[in-house]
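Letter by letter, the chains look like this.
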Amino acid sequence: MQAASSIGTSLDFFLFVSFALFTIGAIGAMTRKNMIVLLMCIELMLNAVNLMLVTFSTYYGNGDAQIFVFFTMVVAAAEATVGLSIIIMAYRNLKSIDIDMYNQLKN
Amino acid sequence: MAKDLTLLLLLALPLLGFAVNGLFGKNLPKIMVGSLATGVVFAAFLLATTLFSGLHGTQIVHLFNIIDFDQLQINASFQIDALSVWMTLIITGIGSLIHLFSMGYMSHDEGYHKFFTYLNLFIFSMLLLVLGSNYFVLFFGWEGVGMCSYLLISFHYNDAQKGLANSLAGRKAFIMNRIGDVGLLLALFMLLGQFNTLEFLQIGAAVQQNTALQGGAMFFITLSLFIAATGKSAQIPLFTWLPDAMAGPTPVSALIHAATMVTAGIYLTVRSNFLFELAPFTKDIMLYVGLATTLFAAFMALRQNDIKKVLAYSTVSQLGLMFVALGFGAYTVALFHVTTHAFFKALLFLGSGSVIHGMHEEQDIRKMGGLAKLMPVTHFTFLIGTMAISGIPFLSGFFSKDEIMAQALHHNSFAYVVLVIAVTMTAIYMFRLYFLTFHGAFRGGEALKSKVHESGLSMTLPLVLLAVLSIFGGLLNLPGLFFKGAAHWFDHYLSHSTFGLSEVHNVHLDFNTSIGLMLFASAVAIGVMIWAYLNYAKRGALAKEDTALSGWERLSAQKLYVDEIYHAAFVKPLLALSHFIGKVVDIQILRNGIYALADGILHSANLTRKWQTGFLSSYLFWMIFGLITFIAYYILKLSVWH
Amino acid sequence: MALILLPLVFGMIAWFIPGNISRIFGLIASTVALAWSIIAVSYFEPNEHLLVDFGLRFVRFSVDSLGFTMILLTNAVFFLVFLSNFNTSIVHEKRFTALALLMQFGLLGLFTTNTILGFYIFWELTLLPIFLILYWFGAFDKPRALLQFFLYTLVGSLAMLLSVIGLMHLTNQQTYDALLAADLQSLGNTSILLMGGFLLAFAVKIPLFPFHTWQAETYTKAPTAGTMLLSAIMLKMALFGLLKWVLPIFDGNATDFWRWPVITLGLVGIIYGAVIAIRQQNLKTLFAYASLSHLGLIAAALMLQNGDTNLISVVQIVNHSIVSIGLFLAAGIIENRLGTQQLDQLGGIAKVAPHFGFWFAVLTFVSLSVPFTAGFIGEFFLIKALFNAHTFTGILASTTLVLGAVYMLKAYQVPMFGPTKVNSFQDLHWSELTVFAILSIAAIYLGLAPHCITDFVAHSLTQPTH
Amino acid sequence: MSLQIISIILGSLTLASALMVVLSKHPIRSVIYLVVTFFFITSMYIMMNAQFLAIVNMIVYAGAIMVLFLFVLMLLNLNKEMEPMNTKGAQLAAFIAGGSLFLVLITALKDTLILGQTYRQQDNSIGLVKELGNLLFTKYVVAFELTSILFIAAMVGAILLAKREKQIIE
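Residue numbers (our numbering), protein chains in the order written: chain A, 65 to 171; chain B, 8 to 649; chain C, 4 to 469; chain D, 141 to 310.
No lab work stands behind these hints, which were simulated from the structure alone.
Straight line, CA to CA, 30 angstroms or less: simulated DSBU-like cross-link-like pairs of lysine-lysine:
{"no.": "1", "chain 1": "A", "residue 1": "159", "chain 2": "D", "residue 2": "165"}
{"no.": "2", "chain 1": "D", "residue 1": "250", "chain 2": "B", "residue 2": "644"}
{"no.": "3", "chain 1": "C", "residue 1": "424", "chain 2": "C", "residue 2": "354"}
{"no.": "4", "chain 1": "D", "residue 1": "228", "chain 2": "A", "residue 2": "159"}
{"no.": "5", "chain 1": "B", "residue 1": "579", "chain 2": "C", "residue 2": "413"}
{"no.": "6", "chain 1": "B", "residue 1": "617", "chain 2": "D", "residue 2": "228"}
{"no.": "7", "chain 1": "C", "residue 1": "413", "chain 2": "B", "residue 2": "169"}
{"no.": "8", "chain 1": "C", "residue 1": "354", "chain 2": "B", "residue 2": "169"}
{"no.": "9", "chain 1": "C", "residue 1": "413", "chain 2": "B", "residue 2": "590"}
{"no.": "10", "chain 1": "B", "residue 1": "590", "chain 2": "C", "residue 2": "224"}
{"no.": "11", "chain 1": "B", "residue 1": "37", "chain 2": "C", "residue 2": "354"}
{"no.": "12", "chain 1": "B", "residue 1": "37", "chain 2": "B", "residue 2": "458"}
{"no.": "13", "chain 1": "B", "residue 1": "33", "chain 2": "C", "residue 2": "424"}
{"no.": "14", "chain 1": "C", "residue 1": "424", "chain 2": "B", "residue 2": "579"}
This one's a predicted model, so the numbers in the text were calculated from it and none came from an experiment.
The whole structure should be built from the sequences, with the hints applied where relevant.
This is the structure in structure tokens:
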């Protein structure tokens, strides 16, 4: 397994994928109004960043970045849990998951 | 008894009276309060006489240090010399008579103990003023008497009709005095700057050693001292408080506003004579201010109808006369007039107090008349007072005025002419007052007439004593042409142990001129007396009603409109300024400026709040936008750098 | 050290004791603090310099004779405030007691701290309790007035914080003695800026002329006890800071730069406050402007940095505390009994309440600085110092005597004299009587023997600083 | 070189499924596509020999979180008609913004020195469970323990928020 690992694969390809993922996530977050999909797009962006971190980590042979990815996942899990429960509560109140309905915090 | 102990006791006694009456006076019987207050002042008088009889040279009694800095030391210490002892005699002597009088006069007043408390405090402050050995202690007394004066003028503050006016009069007196005090304060600063001490003797010694001090500094110092004197002694331009001060009880007017406090300005000038000698220009100013005051005040007195107001303007006029003497450098002459004036003016005020008491608080001479029979003692003593102030020969006022006239004739004939006019007017208004009050028919109505009574012994006794003094007071300083040996006793007395006065020699005119002067003055006084008798007593001329006054009479009755002018020139602008600053500058500009600033911030916050649409997608959009800008900036920076 | 912590401990306790005895508790607490400080002073050698050092970097206290004077003043003021408050009922007594004691702690800390950061922290610490006192017990109809006070002070504090940071950063020192020894001359214009930050904070608190707009409204609407605390002791923090910290530390070009601007503002304040006070109809507002006038004089004189003048300003600081407690207490009594402070609704109280009339008169005369009172000594020498510095400033400053007479006599006469407009007026409660008596005796004693303060303080103010 | 081809195929599949997440109208489909995306990402991790993360990603993301999403979607019982959509203009703006972001990122990549670099021939064992475990329980042990607190907080928060309260904000 070790010898086969990613020999010949250029670093920039993974970075390219990471950037593209991030952009897709961002576009999705901007276009979609469904709160759940929004949350998914955020997960996408997080994963893009994770991917980049792992890429560099492997490149530099440093494990710290992977630990960081691990923590990001932990936080993402927590965030998804809380975010989803907020969505549930919000849906109960307004019977809608349209993010633009929730602009009451403004005032 | 050692002198310093005597002195301390002298000071402590009125303070004791003040403390006892102030703390327990409410619960003590009136007779005890009154006699205690009178007793301490009289005891002080006795102590003062012992000081007087044992006086040799100048002595300093040191009590304690008030301020003790490296460069500056100010002591609470007192000076015993001819001048201070003489003033002490006047204050305690006349003071005890007036205390005695007040026991009768104030007997129906509910603030009886309070009155004597204040009166004792006043005596204490006044003694501090004259006995202090430096300007600082003098200033203590100076402000202290001002405070007592305020308290006593507004004594009847809750009188139903006049309560407010009384308290306003008190306030006016205090404020005007304060203006003078500022002058004294500035003088003190300058003296400290020049000499680094406030002790009279040290300053005097410094002045003697260094005569180069003449000129600017001396001029400003003496001018400030003179401003202080105009405030306390009611000279132009700060004289308007004194007539208003008549709102106080009559004994107060007699003690504070005739005999003692108002002469503090004279005392200050005499005390600082060595400074004034170096500032001839200030002396000139003093002379002309004095002349103007004596003339205008006499004019204003001509058509006053309030018995006390006449005497008040008369006081202002007489004080002006003293300043004329000071302006000529005749310090002892001024002090001589202070003394005689204290006698006859206290007499006149107390006499008027007796009249007012007998008339049940009626002060308008248009409602009096024919009181000679109803109040014989008062009438007789009042007549003596009138004659003394008018300069009828051989009474005290005759001698003291004559001395001043002699100085004027010698130095400045213009001043002499003005003085003659003023003195003539003095005689006119005094006799007018006398005849309208005591002669003719009673004009106050029958109901009042039946109630008019002669005052009791505690009031008539001081009157009689003061009358005696008014008659014989002139003997203190006889002119040289009478008894050679006893002549000018007062001058000698003062100059032998008062700093600075030994160098000052009064002019003594030759025999013929003196006689001529005296004859002329006598003729004027007697002439006026006869004219007034014919006009008021025989012909029965009465004080006119306000509407019937001719032009000059109205000017006189309205006091030359000085109060109105001051009101328009100072009070109104100050109030307007206060209103302007308070309402416009402070509220409109400053505070609303702050509010406007806050509003501006709030407003801009509202503007930027619009950006916060609450739509998540727009936030995201802006976030992406920011991200792009951020990265693009770094790319550009890097590419440019490469 | 225990001296400083005592009020804090008491304040903590005050939260937990029942409300109905907290009034007595506050009085006892302040009495103990006062007694303790008196004992401490009596054991204190004026020329020594107590230092409490825990080895921590920022916690360092030191007491010299000036500090002790201020401690005594603070404790006395709190004692008197609690005593004078005895007759008035406050809704949340417990809160008030606790907050006041907390504030006392802050003040004592401020007067004793030896580090510049500590100075700032205690400075801010005192702000919180007074803000809450004003907020809970004041009669602010709009939150704006209160916010104005708070924000104004905070802006000043912010400037001071910047200066504190700058000072610590540039000199790399933070204790008082080290800062004194530090060479700030070489900083040039930076030191001017640093001093400016401090001065802004002080100018807001004292307050000096253009920064005073919070004062009148706050004083008027605040509860009487709050006003007393504010003007009797809180404002003194700024003067203390000026006297103890800023002027000695920035001695040199920075002080020279700021001297005349501050004196000018002080003078403007003297006349401005006095002139406004003449027309005020509200008693507390009038006293507030009077305070502006009086404090301008002290601030201006302090800037002269003359040894003797500094001593006298301490006397005047004490005197102003006396006067402001007395006058605001009088105003508070009138408000408390009659529910109004408007002068045109008052009149003839002296007849109904003779004791009150008498003591109010005494305090009025004290504030008019007639002789025999501390105010006379104070004003005389402060104006003299200004006069010596420049004749014209002295003359301007002395107008305060005349204008002061105008407004103070108005403030006294209108409610007290004249025809009686009020029917019933309960005369002084024993506690109020005690306060007035203590104040008057203190004022007269200091007026005759100011050296008991000046000699004591001289040990810490005249020691060679550089 | 086969690895390169595999990676290109994997990358394009990742991007395609990610696009489908965004583009599909129905949220359920989005979730499914998201799971697929995560699978591909996991396979990329494996390619980079980050074995531990690959497993965690698989279990936590594809397994736990996505199931959570599915549960919620089913709980809310949304139908297609309720799916809110942005206006065309807003979508266009979003695409432009996203596109320019992408361009900028690519430009940034182009300017860096790592362009065209391949992985170094070195010990690539850092992604193994053993290595990471060593790190996690020595250097990052405090942070690791703290995550448990975070999870408890998240759990409590989720329960509190999702609980049906009687008084809900009006």
